[in-house]
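Asker: Top to bottom, those sequences are chains A and B.
What the first sequence shows, in our numbering, is residues 2 to 266, in sequence order.
What the second sequence shows, in our numbering, is residues 3 to 198, in sequence order.
Derived from the structure by calculation, the hints contain no laboratory data.
Any given hint could be a false lead.
Unchecked claim - Straight line, CA to CA, 16 Å or less: simulated EDC-like cross-link-like pairs of lysine to aspartate or glutamate:
1) A/K164 to A/E72
2) A/K131 to B/E155
3) A/K211 to A/D149
4) A/K131 to B/D152
5) B/K170 to B/D152
6) A/K131 to B/E157
7) A/K57 to A/E72
Stated by the list, open to error - One side of the interface only, derived from the structure: several residues of chain B facing chain A at Cβ under 8 Å:
8) L44
9) S58
10) I151
11) S153
12) E157
13) I158
14) E159
15) L181
Claimed, not checked - Here are a few chain B residues that sit away from chain A, every Cβ distance over 10 Å (derived from the structure):
16) G38
17) E40
18) P42
Keep in mind it's a predicted model, so treat the numbers as computed, not measured.
Heads up, the beta-carbon is just placed ideally off N, CA and C, and yes, glycines get one too.
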Amino acid sequence: MCVAPYFLVVVLSSYATISPFVSIAFADIKVPSTIVKTLKGIVDEVLITIDSGGFKLAALDPARVSMLLMEIPASAFLELRVERELSIGVSMQSLELTIEAAKKTDKYVLVSDGEFVEVIVEGLPTRRYKFRSIEIPKEVPNIDVQYDVEAIVGIDPFNVAVKDISSIGSYALFKAEDEEVLQIMETSTRRGLARLSRSSGSLIDLKLSKPSSCSYEVEYIEKALSLANLASQLQLSFSNDTPLKMIFPLAMGGTATFYLAPQVG
Amino acid sequence: MVRIYIEHLEDSLGRWILAEYRNSYRIAGDLLTITGVEIPGLPSTRKRFHELTDPSKAIILDPQAPHLLEPEDLRGFEAVVIGGILGAHPPMGRTKKMLSDRFPEAAKRNIGEHQFPIDASVYIALEVIKGRRVKEIPVALGLIIRRRIDSIEHEIELPYAYPLVNGKPLISEEILEILAGGGDYEIEAKKHISAD
Numbered sequence: 002m003c004v005a006p007y008f009l010v011v012v013l014s015s016y017a018t019i020s021p022f023v024s025i026a027f028a029d030i031k032v033p034s035t036i037v038k039t040l041k042g043i044v045d046e047v048l049i050t051i052d053s054g055g056f057k058l059a060a061l062d063p064a065r066v067s068m069l070l071m072e073i074p075a076s077a078f079l080e081l082r083v084e085r086e087l088s089i090g091v092s093m094q095s096l097e098l099t100i101e102a103a104k105k106t107d108k109y110v111l112v113s114d115g116e117f118v119e120v121i122v123e124g125l126p127t128r129r130y131k132f133r134s135i136e137i138p139k140e141v142p143n144i145d146v147q148y149d150v151e152a153i154v155g156i157d158p159f160n161v162a163v164k165d166i167s168s169i170g171s172y173a174l175f176k177a178e179d180e181e182v183l184q185i186m187e188t189s190t191r192r193g194l195a196r197l198s199r200s201s202g203s204l205i206d207l208k209l210s211k212p213s214s215c216s217y218e219v220e221y222i223e224k225a226l227s228l229a230n231l232a233s234q235l236q237l238s239f240s241n242d243t244p245l246k247m248i249f250p251l252a253m254g255g256t257a258t259f260y261l262a263p264q265v266g
Numbered sequence: 003m004v005r006i007y008i009e010h011l012e013d014s015l016g017r018w019i020l021a022e023y024r025n026s027y028r029i030a031g032d033l034l035t036i037t038g039v040e041i042p043g044l045p046s047t048r049k050r051f052h053e054l055t056d057p058s059k060a061i062i063l064d065p066q067a068p069h070l071l072e073p074e075d076l077r078g079f080e081a082v083v084i085g086g087i088l089g090a091h092p093p094m095g096r097t098k099k100m101l102s103d104r105f106p107e108a109a110k111r112n113i114g115e116h117q118f119p120i121d122a123s124v125y126i127a128l129e130v131i132k133g134r135r136v137k138e139i140p141v142a143l144g145l146i147i148r149r150r151i152d153s154i155e156h157e158i159e160l161p162y163a164y165p166l167v168n169g170k171p172l173i174s175e176e177i178l179e180i181l182a183g184g185g186d187y188e189i190e191a192k193k194h195i196s197a198d
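Could you put the whole structure together from the sequences, leaning on the hints where they help?
Answerer: Below is the structure:
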């Protein structure tokens with residue numbers, strides 16, 4: 002017999018060393034690991050709110066260029082216990098560490114008493130991480146924008162387009178002139194043009210109030226596309242000189258919304 | 003003297019199982035042969051244990067065997083065979099399926115009701131070969147490895163049984179390195195028992 006962490010037949014006891022007010026168990030380790038993958042290198046800390054309705058996450062990068070808001074309903078979790086609603090601040094360093102050695106078969110449990118956060122990654126072996134909740138402003142910037150272009154695109158063709166553009170330059174220009182085609186290309190050279198169209202199936206829907214174009218940093222879009230792991234479609238909204246809004250309807254329920262500021266100048 | 007065979011039964015040879023094989027060699031030295039896989043630097047062969055010794059002269063260590071291994075059981079036997087199998091919690095009975103059932107002519111014994119890592123099984127087998135009784139071997143049931151990474155308290159919990167050698171659980175530095183990386187750590191046994 003060897004203790005190598007290959008098989009986990011039953012869930013091990015997820016006892017915590019603190020007396021938590023909230024306890025949440027993710028059915029799939031993919032969710033926390035995707036959150037980490039998306040935010041790694043962009044933000045320093047995240048604000049997590051857990052109440053009887055479910056799980057909310059807000060993360061804003063220090064330069065205030067991008068923001069991720071996530072909402073997952075209680076029904077999506079293996080377990081959600083709430084004695085009282087809690088908002089906790091977690092540093093990305095801590096969050097990254099909890100995922101570092103996690104395996105696909107592991108169960109991810111997060112508990113908190115408000116002062117401390119404890120993450121239990123149950124598997125073979127079971128790993129526990131305990132750290133202090135950090136102070137983070139609870140106010141999330143309100144982005145009140147009237148979007149002139151609202152499109153639903155297939156994730157795969159959009160992903161290919163973004164990858165192509167990232168190999169050419171740093172910014173991607175989004176352009177819609179009618180409701181049939183969404184064009185994406187490298188901003189300065191106009192190379193790497195991808196035409197997501199209804200006829201090809203890569204554009205599922207497009208609503209246009211007025212022709213618009215706007216340019217965004219492609220590195221952030223690529224990071225946000227890690228969320229595609231949890232979704233099958235992507236809703237894109239933009240206007241001239243407005244933030245890009247990327248909504249990922251999550252397969253487990255809920256949404257992840259990523260905002261990205263437009264290119265300046 | 004009775005030889006110890008580890009019959010490699012996994013499809014692959016991962017870092018973890020290799021660390022346990024290496025530690026098994028440190029424990030048993032030339033008494034050990036790893037069968038079913040050739041590993042440079044370790045006494046090993048692609049041949050299976052039954053090609054090297056008569057299975058009817060072998061005792062397979064199987065957690066599902068009804069009787070505990072005793073030093074006197076070894077009289078007339080040439081080999082103790084340990085399954086080179088990756089762990090499951092709770093146990094899946096793979097030693098029985100993959101080893102015991104295939105060699106009905108071999109004797110079967112257990113070394114207690116708990117699951118031991120391969121190197122720990124080798125240690126217990128060697129102690130019994132030397133004349134010690136399993137019930138005389140103290141065991142830690144479940145280990146917690148504690149370390150600190152900046153302000154984060156980190157614990158790694160292993161649910162298996164580890165014989166205590168000079169009061170310390172038998173777990174190799176190589177396994178600890180895989181689990182906890184470099185740096186300082188403390189090891190705590192969750193419960194002390196005897197092996198049986």
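Asker: Taking the shortest Cβ-to-Cβ distance between B/G38 and chain A, state whether it exceeds 10 Å.
Answerer: Correct as stated: the minimum Cβ-Cβ distance to chain A is 14 Å, above 10 Å.
Asker: Is it true that the CA of A/K164 sits at most 16 Å from the CA of A/E72?
Answerer: violated (27 Å)
Asker: Should the hint that B/I158 touches chain A count as held when the rule is a Cβ pair under 8 Å?
Answerer: holds (5 Å)
Asker: Any CB of chain A closer than 8 Å to the CB of B/L181?
Answerer: Given a least distance of 7 Å, the restraint on B/L181 holds.
Asker: Does B/I151 pass the interface check with chain A, least Cβ-Cβ distance below 8 Å?
Answerer: Holds - the Cβ of B/I151 comes within 8 Å of chain A, reaching about 6 Å at its closest.
Asker: Take the shortest C-beta to C-beta distance between B/E159 and chain A; is it under 8 Å?
Answerer: holds (4 Å)
Asker: Can the restraint linking A/K131 and B/D152 be considered satisfied, given a maximum Cα separation of 16 Å?
Answerer: Roughly 11 Å separates the two Cα atoms, so the pair holds.
Asker: Does B/L44 hold up as a contact with chain A if the rule is Cβ-Cβ below 8 Å?
Answerer: violated (15 Å)
Asker: Beyond 10 Å on every Cβ pair: is that true for B/E40 relative to chain A?
Answerer: holds (19 Å)
Asker: Taking the shortest Cβ-to-Cβ distance between B/P42 and chain A, state whether it exceeds 10 Å.
Answerer: holds (20 Å)
Asker: Against the 16 Å threshold, does the CA-CA distance of A/K57 and A/E72 hold or violate the hint?
Answerer: holds (5 Å)
Asker: Within a Cα-Cα threshold of 16 Å, do A/K131 and B/E157 meet the stated pairing?
Answerer: Given that 16 Å is the threshold and the Cα spacing comes to 9 Å, the pair holds.
Hints 1, 5, 8 and 9 from the list above are not met by this structure, while the remaining hints are.
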